[in-house]
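Here's the letter readout for the chains.
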Amino acid sequence: MSIRLEGVYKAFGEVRVLEGFSLEVEEGETLVVLGRSGSGKSVMLKHIVGLLIPDRGGVWVDGRHVSELSTEELYLLRREVGYVFQFAALFDSMSVSENVGMGLQRLERVSRGEIRDRVEECLELVGLEGFGDRLPAELSGGQKKRAGIARAIATRPKYLLYDEPTTGLDPITKAVIDRLILRMSRELGVTGVVITHDMESAYKVADRIAMLHMGQRRFLGTPEEIRATEDPVVKGFIEGRPELLENAS
Amino acid sequence: MAAGVGRWGGLTAETVRSVKHVDVWSRLLLQQMAKIGLDSVPIAVFIAVFTGIVLSLQASYTFTGAVPLYFVGVLVGKTMMLELGPVLTGLALSGRVGANIAAELGTMRVTEQIDALETMAYPPVAYLVLPRVLAGIIMFPVVTALAIAVGIGSGWITALQLLDMSTPEFVRGLTLFFEPFDVTFAFIKATSFGFVVTTIGCLFGFHTRGGAEGVGKSTTQAVVVSSMAILVLDAFWAVTLL
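Going line by line, the protein sequences match chains U and C. For the first sequence, the numbering used here assigns the number 1497 to the initial residue and increments by one for each residue that follows. For the second sequence, the numbering used here assigns the number 144 to the initial residue and increments by one for each residue that follows.
These are calculated hints, taken from the structure and not from any lab test. Bear in mind that the values here come from a model prediction, so they are computed numbers and not experimental data.
Computed list of lysine to aspartate or glutamate pairs in EDC-like fashion (alpha-carbon distance at most 20 Å, straight line):
1) 1700/U to 1735/U
2) 163/C to 1569/U
3) 163/C to 1604/U
4) 1700/U to 1666/U
5) 1542/U to 1568/U
6) 163/C to 1568/U
7) 178/C to 1588/U
8) 1542/U to 258/C
Take the sequences, apply the hints, and build the full model.
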């Protein structure tokens, strides 16, 4: 297994978010995680890079138990992971190019020239060529998101974690991002975990789809399997039919 | 209160441990020194000018007829060096620097920029806290020294222009009870104020929760707590060193 979450429990005060959530992500696959807003998808993703530590259970990446790593070991692991944040999380005081080059500066043996070339290449990949000198405040929401993706892929990571990469984007930009996710997986063999509400994108990019519901995994299967499921909770979610979910609960 | 002090102690210890990440914090130090020190000079000078004027006039009002007027120089010099220079500068900078740090780091926290730093393998304390704390420790004494000099200067000009004193009279008072330790005392205070203002600003910024309202709350708390800490430290140094 490439990424493995096993029986993960996480609560914030009285609010229990994950209640024994388990998931395995195979090497090189793109796994999409679905779930209603507030169901704990982002919380789950943050456990993979050690931004959050489970109350119970464990998370393993390449056989490394994330919550038992030393700080230095955790930083080494994070160099292998690119993280696309829901709201981009670009550094306000830096230009787009500086944002994209931030992760590269932490890598050893990458010269300034290489950083400059890699930044340009990544901006081009997300359709932001010529935007390098702008500040994040001068970008639209979609452009910020694309800059966030460029930053995540700049280090050529082994794993890419996408937190709602296409939410709020226009159809053309969505298609560009979907193609980019596919390219990362198919051409570069990157293992991806994508959180999304967008079923169209999910069907396009996913090798497998999981659904998180009430803190636990409700479904895991291929796009074809999820389309054919009779589970009212999953069906209600993917078809946008709240009555099915209400009847189920 | 105890939990807050514990968290402050934890952040301070983590800041000291972060010194080893020289490659991360060293390139940000000069930028923070300019932001915390140079940008604070106008407000510090403004306060010092008017403090010097008032000290000079109040000394003259108190001493007239009872104490020789050259004692105006004693009061202006001693008060600016031992008390008002460091404390007023510290309080002004707790508003300007402490609030700025808490708001900046608080915004970074609620917009996941600190999480983003972590995912890119940047130790956030080495990147965000240490350069600010070092800049505070270095620049607060520099700004305070300037404020003391300006305050004494404005007190001297006031004495010449409004109190009919001569320069030799004012300087006589200024040097009469001067001890080199007065300067050391001012620097010890300013350094400690720089440390508490920056660490408290970072602490509240780092632990911000809940969007814009949370940032506002952290900023206010940072200013209030660091101002209180300055007054407590002021008394502490007076009790232990004088």
